[in-house]
Structures are given as structure tokens and as C-alpha cells.
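Build out the structure end to end from the sequences listed, making use of the hints.
Residue numbers (my numbering): 1 to 200.
It is worth saying that the hints were derived from the structure and are not from the lab.
No experiment lies behind these values; they were computed from the predicted model shown.
Possibly wrong hints are sitting among the right ones.
[Claimed, not checked] Taking lysine-lysine and the DSS-like style, the derived pairs with C-alpha atoms no more than 27 Å apart in a straight line are:
#1 K151 / K178
#2 K168 / K116
#3 K151 / K174
#4 K178 / K33
#5 K178 / K116
#6 K151 / K168
#7 K111 / K174
#8 K147 / K174
[To be verified] Ranges of calculated distance between the beta carbons of each label pair, as one might list FRET restraints:
#9 L10 / L84: 25 to 35 Å
#10 S190 / R95: 46 to 56 Å
#11 S18 / M71: 41 to 51 Å
#12 E177 / M71: 44 to 54 Å
#13 E115 / V9: 37 to 47 Å
#14 P117 / Q63: 48 to 58 Å
Every residue, glycine too, gets a C-beta built ideally from N, C-alpha and C.
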Amino acid sequence: MGSGAITIVLIFLLLFVSWQTIYAANRDLARAKAWGDLARKALPFLALLLMVLSLFVVQSYGQGQTLLVWMAVSAVAIIGASFLSASSLERSANRAFRRGDYAQAVEHYRKLVEEKPLARNRAFLGAALGASERYEESVEASTQAIKDDPKYGLAYYNRALVLQRMGKKSRVVKDLEKAQETDLPRRFRSASRRMLDELS
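This is the structure:
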């Protein structure tokens with residue numbers, strides 16, 4: 001197998017892994033038939049795909065500084081696509097949550113739920129409410145997320161964390177076990193297994 005063939009195989013492997021990663025993190029959007037949101041989350045993948053496809057043209061016909069210009073344009077496209085893959089309200093809510101401004105995060109997530117009543121938005125609202133120690137409201141938001149999408153694992157996981165703070169061990173165990181049966185991301189799956197082991 002020549003070096004050109006190896007390059008092509010590696011490129012398509014990279015594209016496959018990239019798509020799998022994006023889809024795995026956003027299965028809930030497909031289940032909710034939120035195709036616009038799923039397409040938005042796929043923008044970085046589409047930019048990468050465009051970059052790969054244009055590379056063949058650049059290699060075949062490009063001369064001089066063409067490769068450098070292609071690299072710069074591709075970098076800007078990927079960064080721009082990553083930026084555009086979330087709405088400004090979603091970015092603001094996530095930033096507020098990460099910096100510990102949970103009241104602001106709750107406000108932003110409530111607006112997100114009003115705009116797009118998706119399970120993920122309700123689950124994130126539940127997480128922000130839980131971090132604000134508004135436990136009953138948090139459980140309610142997470143429960144609604146579960147009703148909207150019973151396969152959305154973060155809703156079970158977030159609700160389990162809040163129920164643990166409320167001292168409801170049997171319900172915590174049930175939610176953690178249920179979370180293991182869903183599309184819970186790997187790091188949360190590991191954390192929920194550890195919690196289950198500690199509670200057993």
C-alpha cells in the first residue's frame with residue numbers, strides 16, 4: 001500500500017471517528033428530530049470534511065503559497081464552525097455554569113427551554129438548579145427531561161446527584177442504574193458506576 005493510499009485511509013478514518021464523536025454526543029437531538037440543532041452541532045465535522053475534500057484539489061492544482069492559504073482558511077473555517085455549533089444563549093448559559101454563576105445559568109437555561117424545549121436543555125436547567133441548591137425545582141426539570149427523552153442519560157445522572165443531596169438513596173440507585181442503560185457519555189458513565197459502587 002503506497003503512502004497516498006495510507007493518507008487517504010487515515011483521512012477517512014479521522015472523518016469517521018469525528019462523525020461518530022459528534023453523533024454520539026448528540027443522539028438526543030436525532031431522537032427529538034431536532035434536525036436543525038443536529039446540523040448545527042455537525043458544523044465542525046462539515047468544516048473538516050470540506051477541508052479534507054479541498055485538500056485533494058489543493059495538492060493536485062495548487063502551487064506556491066496555495067497550501068499555506070488553504071491551511072489558514074481551513075483553520076478559520078474549523079474555528080468558526082466550532083463557534084457557530086452552539087447558539088449564543090447556549091454558550092452564555094454554559095459559560096455561566098462553568099464559572100459558578102448558577103443564578104445566571106438558570107436564567108439562560110430557562111430561556112433555552114422556552115425557545116427549544118429539548119430534553120438536553122431541561123437537563124442542563126436541572127443541573128443549574130441543583131447547583132443553586134434549588135433541589136425540588138431541579139428534580140422537576142430533570143424529571144421533565146426524562147419524560148421528553150427517556151434515553152437521555154444526563155437527566156438521570158443529574159437527578160441522581162440532586163437526590164443524593166436530598167438523602168434519597170433508593171431513588172439515587174434507581175436513577176444511576178437507569179443512567180447506565182442510556183446514552184450517557186463515557187465520563188459520566190464511569191462516575192455513575194463509581195457512585196453505584198459506593199452506595200452498594
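Results for each hint:
| no. | hint | verdict |
| --- | --- | --- |
| 1 | K151 / K178 | 9 Å, holds |
| 2 | K168 / K116 | 31 Å, violated |
| 3 | K151 / K174 | 14 Å, holds |
| 4 | K178 / K33 | 23 Å, holds |
| 5 | K178 / K116 | 25 Å, holds |
| 6 | K151 / K168 | 22 Å, holds |
| 7 | K111 / K174 | 30 Å, violated |
| 8 | K147 / K174 | 16 Å, holds |
| 9 | L10 / L84: 25 to 35 Å | 27 Å, holds |
| 10 | S190 / R95: 46 to 56 Å | 25 Å, violated |
| 11 | S18 / M71: 41 to 51 Å | 18 Å, violated |
| 12 | E177 / M71: 44 to 54 Å | 48 Å, holds |
| 13 | E115 / V9: 37 to 47 Å | 42 Å, holds |
| 14 | P117 / Q63: 48 to 58 Å | 53 Å, holds |
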